[in-house]
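S.K.: All chains, full assembly: derive it from the sequences and hints.
Below are the chains, spelled out letter by letter.
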Amino acid sequence: MSLQFALGTRGVVVVIHLLGRIDREAGGVLDQSYTAAAASSASIIELDFGQVEYINSTGIALIVGLLAKARAKKRPLRAAGLTAHYRHIFEITRLSDFIEIVEPIEPVEDVELEQAAH
Amino acid sequence: MTDTLRAEPESPDAVVNSEPAEPPVGQRAMSRARRRADRRAAKTASKTATKGAARRAVPAADTRAAVIDVQIDPSDPLLLFLQSAPGPLEIAALPAYSPAVVRMKEQGVQMVVPFVTSGELVGLLALGPRLSERTYSRTDRGLLDSLARYAAPALRLGQLMRAQEKEARERERIEQELHVAQLIQQQFLPSELPELRGWHLAAFYRPARTVGGDFYDLIALANGEVMVVVGDVTDKGVPAALVMASTYALLRSAADLSSSPGEVLRRVNELLIPQIPMNMFVTCLVLVIDLDTGRTRFANAGHNLPYVRRDGEVLQLQARGMPLGLMPGSAYDEHETVIEPGDIVLLYSDGITEQHSAAGEMFGFGRTAELVGEATSGDDLVDRSVLALNTFSAGVEQEDDITLVTLHRGQSGGHRDTVSFTVPSEPGNERDVMDRVAAIVDGLLPKARLDALKTAVSETAMNAIEHGNRGDASLDISVTVRRTAESVTVEIGDYGRGMQRDADIPDIDLKLAGLQTSRGWGLFLVENLTDRAEELTEGDRHIVRLVMHTSDHAAAGPTPQTTSGATPLTDPTGSES
Chain A
1 MSLQFALGTR
11 GVVVVIHLLG
21 RIDREAGGVL
31 DQSYTAAAAS
41 SASIIELDFG
51 QVEYINSTGI
61 ALIVGLLAKA
71 RAKKRPLRAA
81 GLTAHYRHIF
91 EITRLSDFIE
101 IVEPIEPVED
111 VELEQAAH
Chain E
1 MTDTLRAEPE
11 SPDAVVNSEP
21 AEPPVGQRAM
31 SRARRRADRR
41 AAKTASKTAT
51 KGAARRAVPA
61 ADTRAAVIDV
71 QIDPSDPLLL
81 FLQSAPGPLE
91 IAALPAYSPA
101 VVRMKEQGVQ
111 MVVPFVTSGE
121 LVGLLALGPR
131 LSERTYSRTD
141 RGLLDSLARY
151 AAPALRLGQL
161 MRAQEKEARE
171 RERIEQELHV
181 AQLIQQQFLP
191 SELPELRGWH
201 LAAFYRPART
211 VGGDFYDLIA
221 LANGEVMVVV
231 GDVTDKGVPA
241 ALVMASTYAL
251 LRSAADLSSS
261 PGEVLRRVNE
271 LLIPQIPMNM
281 FVTCLVLVID
291 LDTGRTRFAN
301 AGHNLPYVRR
311 DGEVLQLQAR
321 GMPLGLMPGS
331 AYDEHETVIE
341 PGDIVLLYSD
351 GITEQHSAAG
361 EMFGFGRTAE
371 LVGEATSGDD
381 LVDRSVLALN
391 TFSAGVEQED
401 DITLVTLHRG
411 QSGGHRDTVS
421 FTVPSEPGNE
431 RDVMDRVAAI
441 VDGLLPKARL
451 DALKTAVSET
461 AMNAIEHGNR
471 GDASLDISVT
481 VRRTAESVTV
491 EIGDYGRGMQ
501 RDADIPDIDL
511 KLAGLQTSRG
521 WGLFLVENLT
531 DRAEELTEGD
541 RHIVRLVMHT
551 SDHAAAGPTP
561 QTTSGATPLT
571 DPTGSES
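Protein sequences, first through last, are from chains A and E. Each residue of the first sequence is one higher than the last, beginning at 1 in the working numbering. Each residue of the second sequence is one higher than the last, beginning at 1 in the working numbering.
What the hints contain is simulated information worked out from the structure, not anything from laboratory work. A couple of the hints might just be wrong.
Dumping the calculated EDC-like pairs for lysine to aspartate or glutamate here, alpha-carbon to alpha-carbon at most 20 Å [stated by the list, open to error]: (1) K69/A / D507/E; (2) K73/A / D509/E; (3) K105/E / E90/E.
Facing chain E, from chain A, some residues (calculated, C-beta under 7 Å) [claimed, not checked]: (4) N56; (5) A61; (6) V64; (7) I92.
From the structure, some residues in chain A lie toward chain E, with a derived Cβ separation under 7 Å [as the list claims (entries may be wrong)]: (8) S57; (9) H85; (10) R94.
Using N, Cα and C, we set each Cβ at its ideal position, and we do this for glycine too.
M.R.: Structure representation (structure tokens):
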């Protein structure tokens, strides 16, 4: 598998720390991470791309799918740790119209749940 | 009522009751309207016939109409006579000198009912004797008059629709023929500009109509030099394209016999004169270049003088001569210059300099020279020129064919450097391609541009693997990377049939609304992350070419045109990435 994740919380934010590549192989892990995050009581879900080395168009499609799920549940989604390049891709695809892009995250207070290492 | 005869004038404007042809799909609505009109007319006629028949029980067999075609010559005086006729007329009241009247009398016609609408005779109804053997009564005439007044507009409508359908079919046929002509003409233009030992060529060609009279050509000469030709046939469209094809062939033939640009023009002129239509001629510029030394011999037959950008200055290569096809015995002086390393040469047709803006101003030589002065590379010059011309002439029709050819001699030691490799079509190899390309161009691109190119390469390679070669690991995808000081070009080839062009442009609003699949971003990214993305074919290979300028200022996103023979990537795709 190309992607691993870990969850953390910071106040009202549940953070999905992503590590690796978001490509065709990442769909299952990404879904799993979202399901775990959505189960928390935190109102905002934050995707931490700080350790993501590669996102391709299939990865963009997966993120769009994840965004659709979050919107259906009215859960705000935001993105942190994007490099300038992927921030640019978020802008040209207009993902940034729907996912708030925030600056690199503050330290997570409480890392919990499983590390889905694959 | 009676036996009836139907007369059909030969004039296309006065044809009666013709059967409608099967309509093209796009005209079904019109056909429905026509059928409705026809039904209304038939209903009216039926009502009239029923009333007449009701007075006497006539066996069904007796009521069948005998249709006789009476052809009426458009010059027959009967037509003019009937146009102003007050209503149904006895045959005896018609001009006896009319050949049509003579023929109608021979066939037993007793009554003629003109169908006139908007002052125009659109048909006529010819009737034989009544079955009751009585004469036509006043009531009969009144009914026939009513029939004519109702039926004439419907008949006219049907005629107009049939004429429209015929015109549409004719237009479609012409468009198809022009499309074929366009494909044939494209074969004349170099499908790809070749590698020229440290020289970079770029070209742009856009005819004002489907086909055009501009042309350019590159001919490798037996002595190792390269002949570069640009030409412009007067007029545009099909006549110009035909002369262009002839001139192209003559130039190629002459280049086989001589490497002298003046002699080539002289020969072509002599051969062209007997062939070319009156009032047409061809301007043409021929350069013969020694690629190693830059020594360039050139001769001109009335074409625009080329510009040269050298050390920030703009020069013109001076050479004059009579256009081809005008005067037998014309001689063409040969001139010589050296194109230095770093020089950029622009060859162009008057389609750019003579294009007008909406305000009526001409683009002119001044603006063209300015573009040359600002150019950083041949590609850049082509791109900027097209952009500037499009902006200048926004809202105005392109007046003439446009051709731009640039020659950029690389800086000393900066010759084009090419690296090629292949990888099997296995999932995941797109990242391998991406990493290898990144290593090859290391140090040439700023980080942001390198990241953008990497993503574009990865997406293109993934598309080639998954869709072009359908994941068949026995088929390789080919990768060629060309590096110059000005740009990086990556070509990725597969054995597919190219991009589909009817897929949706990815729209996140639609995707989130469930109206588009969440996928389909691949070629969108390619287009938006490179300075130019285009596709072309080479034999059985489909190739996507990505171009990235090495400096930010030359990169303003995708450009509107490309090397002739290559097609810009619109949004595609069969790529489901």
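S.K.: Give a verdict on every hint.
M.R.: The hints, checked one at a time:
A hinted pair counts as satisfied when its Cα atoms are at most 20 Å apart, and K69/A with D507/E qualifies at roughly 17 Å. Restraint check: the Cα-Cα separation between K73/A and D509/E comes to about 17 Å, which is no more than 20 Å; the hinted pair holds. Of the supplied pair hints, the one linking K105/E and E90/E holds, its CA atoms being roughly 11 Å apart against a limit of 20 Å. Hint on N56/A holds. Least Cβ distance to chain E is approximately 6 Å, under the 7 Å limit.
The interface hint given for A61/A holds, since its Cβ lies 4 Å from the closest Cβ of chain E, which is under the 7 Å cut-off. With its C-beta approaching chain E no nearer than about 4 Å, V64/A sits inside the 7 Å limit, and its interface hint holds. Annotation: I92/A was flagged as interfacial toward chain E, and the flag holds, the nearest CB pair being 5 Å apart, inside 7 Å. About 4 Å separates the beta-carbon of S57/A from the nearest beta-carbon of chain E, less than 7 Å, and the hint is met.
Of the supplied interface hints, the one on H85/A holds, with its beta-carbon coming within about 4 Å of a beta-carbon of chain E, less than 7 Å. At a threshold of 7 Å, the smallest CB-CB gap from R94/A to chain E is about 5 Å, leaving the interface hint in force.
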